[in-house]
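Chemist: Below, each chain spelled out in residue letters.
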Amino acid sequence: MSSTSAGRPLQEVLAGAWAVRYRIETEASLRFGALARRLEGVGAPRALVDLADRASKDETRHAAHCERFFRALGGMHLSAITRVVEYAPRVLPERERLTYELVSQCCVAETQSTATLVTLLDAAETAELRTVLHELARDEVQHSRLGWAYLAWARSRMDFTFLGPLLPGMLAGSAGPEMFEPAAEDLDHPELLRQGVIPQSMRRSVYVETLQTVVFPGFETLGVDTADAKRWLDEKLARAPAPSA
Amino acid sequence: MNLKRLFHALVLGGSALGAANCGGGTATEPPANAGTGTGSTTLLPDGGVPPSMPGMPGGGAPGW
Numbered sequence: 001m002s003s004t005s006a007g008r009p010l011q012e013v014l015a016g017a018w019a020v021r022y023r024i025e026t027e028a029s030l031r032f033g034a035l036a037r038r039l040e041g042v043g044a045p046r047a048l049v050d051l052a053d054r055a056s057k058d059e060t061r062h063a064a065h066c067e068r069f070f071r072a073l074g075g076m077h078l079s080a081i082t083r084v085v086e087y088a089p090r091v092l093p094e095r096e097r098l099t100y101e102l103v104s105q106c107c108v109a110e111t112q113s114t115a116t117l118v119t120l121l122d123a124a125e126t127a128e129l130r131t132v133l134h135e136l137a138r139d140e141v142q143h144s145r146l147g148w149a150y151l152a153w154a155r156s157r158m159d160f161t162f163l164g165p166l167l168p169g170m171l172a173g174s175a176g177p178e179m180f181e182p183a184a185e186d187l188d189h190p191e192l193l194r195q196g197v198i199p200q201s202m203r204r205s206v207y208v209e210t211l212q213t214v215v216f217p218g219f220e221t222l223g224v225d226t227a228d229a230k231r232w233l234d235e236k237l238a239r240a241p242a243p244s245a
Numbered sequence: 001m002n003l004k005r006l007f008h009a010l011v012l013g014g015s016a017l018g019a020a021n022c023g024g025g026t027a028t029e030p031p032a033n034a035g036t037g038t039g040s041t042t043l044l045p046d047g048g049v050p051p052s053m054p055g056m057p058g059g060g061a062p063g064w
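Taken in sequence, the protein lines are chains A and B.
Just so you know, we're using the numbering used here here: the first sequence kicks off at 1 and counts up by one.
Just so you know, we're using the numbering used here here: the second sequence kicks off at 1 and counts up by one.
Hints should not be assumed to be uniformly reliable.
Unchecked claim - Computed list of lysine to aspartate or glutamate pairs in DMTMM-like fashion (alpha-carbon distance at most 25 Å, straight line):
| id | chain 1 | residue 1 | chain 2 | residue 2 |
| --- | --- | --- | --- | --- |
| 1 | B | 4 | A | 122 |
| 2 | B | 4 | A | 209 |
| 3 | B | 4 | A | 228 |
| 4 | A | 236 | A | 220 |
| 5 | A | 236 | A | 185 |
| 6 | A | 236 | A | 181 |
| 7 | B | 4 | A | 234 |
| 8 | A | 57 | A | 135 |
| 9 | A | 57 | A | 40 |
| 10 | A | 230 | A | 159 |
| 11 | B | 4 | A | 225 |
| 12 | A | 57 | A | 128 |
| 13 | A | 236 | A | 209 |
| 14 | B | 4 | A | 135 |
| 15 | A | 230 | A | 209 |
| 16 | B | 4 | A | 220 |
Calculated from the structure, these hints are not laboratory results.
All chains should be modelled from the sequences, with the hints used to inform the complete structure.
Modeler: Structure follows, in structure tokens:
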């Protein structure tokens with residue numbers, strides 16, 4: 001069995017990644033189902049409601065793929081997410097909270113997932129992995145589009161000024177605590193990439209480039225101020241370790 | 001990876017979809033209290049969403 005330089009078996013690292021993905025996919029399924037109902041509640045176009053409903057079903061299918069890879073690696077115990085809480089600050093009115101949820105889930109998280117999946121697709125070692133990654137990437141494109149479509153529809157109906165100052169907190173939640181920390185050796189093994197898991201230092205570069213090239217320009221195109229978000233990213237990068245050669 | 005292509009596919013593709021649906025074709029008419037946030041309860045398929053807790057992360061983690 002192959003090991004990472006820290007001695008942790010590569011198989012264990014990979015199984016752990018698929019277990020985390022399983023939890024995130026089960027959570028996303030619930031979240032999209034709730035978003036579909038909330039979109040209906042504010043009179044959103046049927047096309048957006050349908051996208052959210054379809055995304056909920058997609059995520060259940062994705063979770064099944066994650067479970068299959070997890071089991072193939074010898075994983076035993078998986079736990080699904082069965083309840084979700086809103087990301088949005090509770091002090092916001094409903095329309096603003098819904099907007100926050102869609103921006104966070106679709107414009108940020110699903111856009112980042114799409115970029116990561118495309119990166120993984122290029123490097124995947126086996127045909128089976130490539131087939132699954134292709135299916136997932138195709139779906140994630142639609143999940144991301146839901147957020148951008150919502151902003152395009154909502155921009156003439158509400159003021160997005162509230163969003164700009166909230167973006168740093170949203171991005172911090174999306175990045176997680178390890179994104180700008182030194183990469184842990186067992187999570188940064190180059191072999192991970194061919195097996196469908198992005199090494200940690202590469203994950204950071206994909207995340208940052210996607211913010212700078214897709215997410216921030218997307219917000220600006222749709223009238224969401226990015227000054228605070230860009231300042232947050234600059235501060236994070238100034239303190240982050242230099243990427244390895 | 002060509003991120004500029006991704007921008008076109010996601011942002012411009014999504015925006016076009018949203019813009020195309022700007023008039024009419026809504027799923028339902030907005031309820032009378034839509035957007036007010038007063039007394040609204042967000043229901044999830046599992047039966048309900050508890051209030052946001054202090055310290056909750058403000059954004060979703062990309063699964064990938």
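Chemist: Confirm or reject each hint.
Modeler: To see whether the hints hold, each was checked on the structure:
| no. | hint | in the structure |
| --- | --- | --- |
| 1 | B:4 / A:122 | 17 Å, holds |
| 2 | B:4 / A:209 | 10 Å, holds |
| 3 | B:4 / A:228 | 23 Å, holds |
| 4 | A:236 / A:220 | 21 Å, holds |
| 5 | A:236 / A:185 | 21 Å, holds |
| 6 | A:236 / A:181 | 9 Å, holds |
| 7 | B:4 / A:234 | 21 Å, holds |
| 8 | A:57 / A:135 | 13 Å, holds |
| 9 | A:57 / A:40 | 17 Å, holds |
| 10 | A:230 / A:159 | 20 Å, holds |
| 11 | B:4 / A:225 | 20 Å, holds |
| 12 | A:57 / A:128 | 21 Å, holds |
| 13 | A:236 / A:209 | 14 Å, holds |
| 14 | B:4 / A:135 | 21 Å, holds |
| 15 | A:230 / A:209 | 12 Å, holds |
| 16 | B:4 / A:220 | 15 Å, holds |
In terms of the numbered hints stated before, the structure departs from none.
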